[in-house]
Amino acid sequence: MTKYKVGIDVGSTHTDAVILDEGNNLIHAEKTMTTPDVTSGIINALRLVLEGSGVSRDDIAAVMFGTTHIINAIVQRRNLGKVGVVRIGLPATEAIEPMLDWPIDLRDSVNAGITMIRGGHDYTGEPITQFDEDSLRKALEAFRNRGVDAVAVTSVWSVVNPEHEVKVRELASELLPGVPIVLSHEISSIGLLERENATILNAASIKVMVNAINALREALRDMGLEHAKMFFAQNDGTTASADYIVRFPIFTVIAPISNSIRGAYVLTKIPNAIVADTGGATTNIGALISGYPREALEVEIGGVRTNIRAPDVIAIGLAGGSIVKVKDGDVKVGPVSVGYRLIYEGISWGGGTVTATDIALAKGIMSIDDPMCNPELARSKIPSWLVERAYAKMIEILEDSIDRIKLKPEPETVILVGGGSAMWPKTLRGAREVIRPEHAQYANAIGAATALVGAVVEKAYSYEQITRERAIQDASEEAKKRAVEAGADPSTVEVAEVEEIAMPYLPGNAVKVRVKAVGKLKL
Amino acid sequence: MVRYHLYKTDVEDLVVGAAVLGTGGGGDPYIGKLMVIQELERGRRIEIVSIDEVDGDAFIVPVAAMGTPVVLMEKIPSGKEALYSLRLLEGYFNRRVDFISPIEAGGVNSTIPLVVGAERGLPVIDADGMGRAFPELQMVTFHIHGIKATPMAISDERGNAAILDTMDNYWAERIARAITVKYGGSAWIAIYPTFGKLYRDAAIKGSISLAIEVGKALREAKLAGRNPVDALLDVTHGFELFKGKIIDVQRFNIGGFARGEAVIEGLDEYKGSRLMIRFQNENLVAIKDNEVVASVPDLITVLDSESGKPITTERLRYGLRVLVISMPCNEKWRTSKGLETVGPRYFGYDIDYVPIEVRVKRVVKP
Numbered sequence: 001m002t003k004y005k006v007g008i009d010v011g012s013t014h015t016d017a018v019i020l021d022e023g024n025n026l027i028h029a030e031k032t033m034t035t036p037d038v039t040s041g042i043i044n045a046l047r048l049v050l051e052g053s054g055v056s057r058d059d060i061a062a063v064m065f066g067t068t069h070i071i072n073a074i075v076q077r078r079n080l081g082k083v084g085v086v087r088i089g090l091p092a093t094e095a096i097e098p099m100l101d102w103p104i105d106l107r108d109s110v111n112a113g114i115t116m117i118r119g120g121h122d123y124t125g126e127p128i129t130q131f132d133e134d135s136l137r138k139a140l141e142a143f144r145n146r147g148v149d150a151v152a153v154t155s156v157w158s159v160v161n162p163e164h165e166v167k168v169r170e171l172a173s174e175l176l177p178g179v180p181i182v183l184s185h186e187i188s189s190i191g192l193l194e195r196e197n198a199t200i201l202n203a204a205s206i207k208v209m210v211n212a213i214n215a216l217r218e219a220l221r222d223m224g225l226e227h228a229k230m231f232f233a234q235n236d237g238t239t240a241s242a243d244y245i246v247r248f249p250i251f252t253v254i255a256p257i258s259n260s261i262r263g264a265y266v267l268t269k270i271p272n273a274i275v276a277d278t279g280g281a282t283t284n285i286g287a288l289i290s291g292y293p294r295e296a297l298e299v300e301i302g303g304v305r306t307n308i309r310a311p312d313v314i315a316i317g318l319a320g321g322s323i324v325k326v327k328d329g330d331v332k333v334g335p336v337s338v339g340y341r342l343i344y345e346g347i348s349w350g351g352g353t354v355t356a357t358d359i360a361l362a363k364g365i366m367s368i369d370d371p372m373c374n375p376e377l378a379r380s381k382i383p384s385w386l387v388e389r390a391y392a393k394m395i396e397i398l399e400d401s402i403d404r405i406k407l408k409p410e411p412e413t414v415i416l417v418g419g420g421s422a423m424w425p426k427t428l429r430g431a432r433e434v435i436r437p438e439h440a441q442y443a444n445a446i447g448a449a450t451a452l453v454g455a456v457v458e459k460a461y462s463y464e465q466i467t468r469e470r471a472i473q474d475a476s477e478e479a480k481k482r483a484v485e486a487g488a489d490p491s492t493v494e495v496a497e498v499e500e501i502a503m504p505y506l507p508g509n510a511v512k513v514r515v516k517a518v519g520k521l522k523l
Numbered sequence: 001m002v003r004y005h006l007y008k009t010d011v012e013d014l015v016v017g018a019a020v021l022g023t024g025g026g027g028d029p030y031i032g033k034l035m036v037i038q039e040l041e042r043g044r045r046i047e048i049v050s051i052d053e054v055d056g057d058a059f060i061v062p063v064a065a066m067g068t069p070v071v072l073m074e075k076i077p078s079g080k081e082a083l084y085s086l087r088l089l090e091g092y093f094n095r096r097v098d099f100i101s102p103i104e105a106g107g108v109n110s111t112i113p114l115v116v117g118a119e120r121g122l123p124v125i126d127a128d129g130m131g132r133a134f135p136e137l138q139m140v141t142f143h144i145h146g147i148k149a150t151p152m153a154i155s156d157e158r159g160n161a162a163i164l165d166t167m168d169n170y171w172a173e174r175i176a177r178a179i180t181v182k183y184g185g186s187a188w189i190a191i192y193p194t195f196g197k198l199y200r201d202a203a204i205k206g207s208i209s210l211a212i213e214v215g216k217a218l219r220e221a222k223l224a225g226r227n228p229v230d231a232l233l234d235v236t237h238g239f240e241l242f243k244g245k246i247i248d249v250q251r252f253n254i255g256g257f258a259r260g261e262a263v264i265e266g267l268d269e270y271k272g273s274r275l276m277i278r279f280q281n282e283n284l285v286a287i288k289d290n291e292v293v294a295s296v297p298d299l300i301t302v303l304d305s306e307s308g309k310p311i312t313t314e315r316l317r318y319g320l321r322v323l324v325i326s327m328p329c330n331e332k333w334r335t336s337k338g339l340e341t342v343g344p345r346y347f348g349y350d351i352d353y354v355p356i357e358v359r360v361k362r363v364v365k366p
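Protein chains in written order, with my numbering: chain A, 1 to 523; chain G, 1 to 366.
If you're looking for bench data, these hints aren't it; they were derived computationally from the structure. Glycine included, every Cβ here is placed at the ideal spot set by N, Cα and C. Heads up, some of the hints might be wrong.
Said to hold, decoys possible - The calculated DSSO-like cross-link candidates involving lysine-lysine, where the alpha carbons are at most 27 Å apart (straight line), are: (1) A:K332 to G:K309; (2) A:K82 to A:K167; (3) A:K406 to G:K288; (4) A:K408 to G:K288.
Claimed, not checked - One side only, chain A facing chain G, incomplete, derived with CB under 7 Å: (5) A92; (6) T93; (7) Y123; (8) L192; (9) R404; (10) K408; (11) M503; (12) L506.
In isolation and in its complexed conformation, chain A is listed as follows (with noise of 0.2 Å):
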């Protein structure tokens, strides 16, 4: 029996659903319209993909989302849980208290109590000072009494040596029975600040979690899909079962950027190259590294600084919607989009509005497939100067971005997707090649459906106290454990990526591990 899987991605304007056989071969796809709830979206999407495409319920064994219901919460500040605050290292730390640069409103409906405790580790693993284990208790008793929905815990130097805070895990689950205790070793990497605000985040967004997996639980029991198991993609374009998500949903902030990406990869099997994911208000321009997103240092979310792994991606207000003006004899092209009321506004569509579509419809570029859609509108209704002179600005834009996000000046391989892809040329400054393969719109879709089991484990080592080989070891083993508790089939558990930072400055050559490990689903 061939079993099926369901790839759903919310972007900001549609949400799309595509159903891959085992072969990931596209069997059938859907676009609608993004609903500001996200999950009566998801569930449209999920009902006419499996009607349009005749596939018996009872075949699909897996649906995979890419979501976006943490990031609207976050930057809505809406329906986020109240978390107790836990740092671990005082004497040392004391100089900034946590949340202090975070946009005020975020902070009040998040902060359930800040406490901070003696103990952590300098970068040797060494302690600092004795862990005040009194302070601990008195602490998880009084978020206790005042009733957090999660804990988040980060202490200094975790990344070297955790045992701090496991012993708050150990305690918690004592004190405080079945809430969340969030360790920020778990989360991301060195960086204090960045490191607890990212904890706090994931701390802050598992009651959104908890209540965006029960409703689309609901709705799979509701469609006779009550066996099929869920997953989650993850910022770094793999995904994750819902078991594992709803312990770490920061992992799922910005995530359907990754899905076009990696999606961009399944699609051409090219594992190097830059990708252009073009929608109704913005392209974001990201780069494929051995198949995977290239990932950035720090991202804000939300207006908080953080150093979770994201796809290190620029994005421009300049797609299908995207609003060209005449201003001052200059010709101007977005960031203003009229989204997904093109097909009201834009020219083509009888409205009057000249959008970057309109402008790539009248140049012959490209052709849409709606009866309502008129290119003969376009090109008598927009003046030819101004069709050449929008188009060559359209152009100039999204070089200029291709050539910023690359990391070296040779020519490279350029993918393009999404809904709005269809507007570009078939050749592009900087570019070797421009490939625009079949099913482009779905990209996102499809690489969410087409995901990976995977998991990160960064951690600092010393390589005087232990051998290189050794440290390796260490990290990729705790990586694929990851990996399996994520949700991958064990024998199927792979290193995909294994880098290691030199630590500059540092004695004791101290060096960041970071292991990638990803399998298959387990279904």
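On the provided structure of chain A, position chain G as indicated by the hints.
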């Protein structure tokens, strides 16, 4: 203004200015900024005084952090470390400190003295010992004016503290560096203790105000839609060296220092030219089409050409659109002792130092 207090906006301006004066190094001032803002949030005040307010017999102690930027990012300070050093030095001299001073105008050490001043309720002098950022303890104008680095005190967050008395300022650097490692990679020093009479001759005046002015100029230019770089050059008496796109960055880890070079391909009026910047933590030399156009101790700073924001050497990468500016260093660095301490030859470049304003006339704009 001879005495004034700092507010949050001043602090935000100051760290931007400190990054410009940091010439690509000096550490990310983000942590330092948050430390100062935390002091203000705790209701403490930061008082800045002009160097003219300092009596000849006033006891002045510069304070600073030393160590590895990555440790500062992970083991955030307690904020009390430098106080232990101050207290130890006060005990040694049996005299209370009257004024705090920065040793550095660029990077994270532009903010550390403000935290100490706030914690102790002591005024901070609007001056420093570099007028920019440099990597070693003897690279200060106090050194070239014959002030001894020691007795100095060096502390950590646990309250470990040591007094050093060394045979010269180079030994102070070496021993302090070794202790820093034992402390866990970062240490907090009170150094070059001196009296008003000597300090007034040796220090570089007005560095805190200058950093604030630079940050403010960038902020206000941006708000008003003016070119931020022009505003910046006005305030610093600097020169535009080059505009272009970074096409190559190479890094070598030699002797524990982050050395490297960046090549920038010219845009607009610089089209057809290339500028190479050599750096070791800080930007040291700028070479345009095989001709040196700026060198230490003059300041060389790389800015994002759109935002005018300074870019540190560790963040230089292919594809960035940048503008390179150079600003004249303080006259004290242009003496023979100054150049011996921080001239191009000290950093291993066999070239003569020519002041930027002279070079600019000669090569940049014929």
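Hint check results:
For the proposed pair A:K332 and G:K309, the alpha carbon gap of about 25 Å is at most 27 Å, so the pair holds. Between A:K82 and A:K167 the alpha-carbon distance is near 22 Å, which keeps this suggested pair within the 27 Å criterion. A distance of roughly 24 Å separates the Cα atoms of A:K406 and G:K288; the hinted pair therefore holds under the 27 Å criterion. For the given pair, A:K408 sits about 21 Å from G:K288 by alpha-carbon distance, which is consistent with the 27 Å threshold.
A hinted interface residue such as A:A92 counts as satisfied when its beta carbon comes closer than 7 Å to some beta carbon of chain G; here the least separation is about 4 Å, so the hint holds. Restraint check, A:T93 versus chain G: the minimum CB separation of about 4 Å is within 7 Å; hint holds. The restraint placing A:Y123 at the interface with chain G holds, with a minimum CB-CB distance near 6 Å, inside the 7 Å limit. Annotation: A:L192 was flagged as interfacial toward chain G, and the flag holds, the nearest CB pair being 5 Å apart, inside 7 Å.
Satisfaction of the interface hint for A:R404 is found here, the shortest Cβ-Cβ separation to chain G being roughly 5 Å, below the 7 Å cut-off. The restraint placing A:K408 at the interface with chain G holds, with a minimum CB-CB distance near 6 Å, inside the 7 Å limit. Annotation: interface hint on A:M503 holds; nearest CB of chain G at approximately 5 Å, less than 7 Å. Because the closest C-beta pair between A:L506 and chain G is about 6 Å apart, less than 7 Å, the hint holds.
The structure fails none of the hints (numbered hints given earlier).
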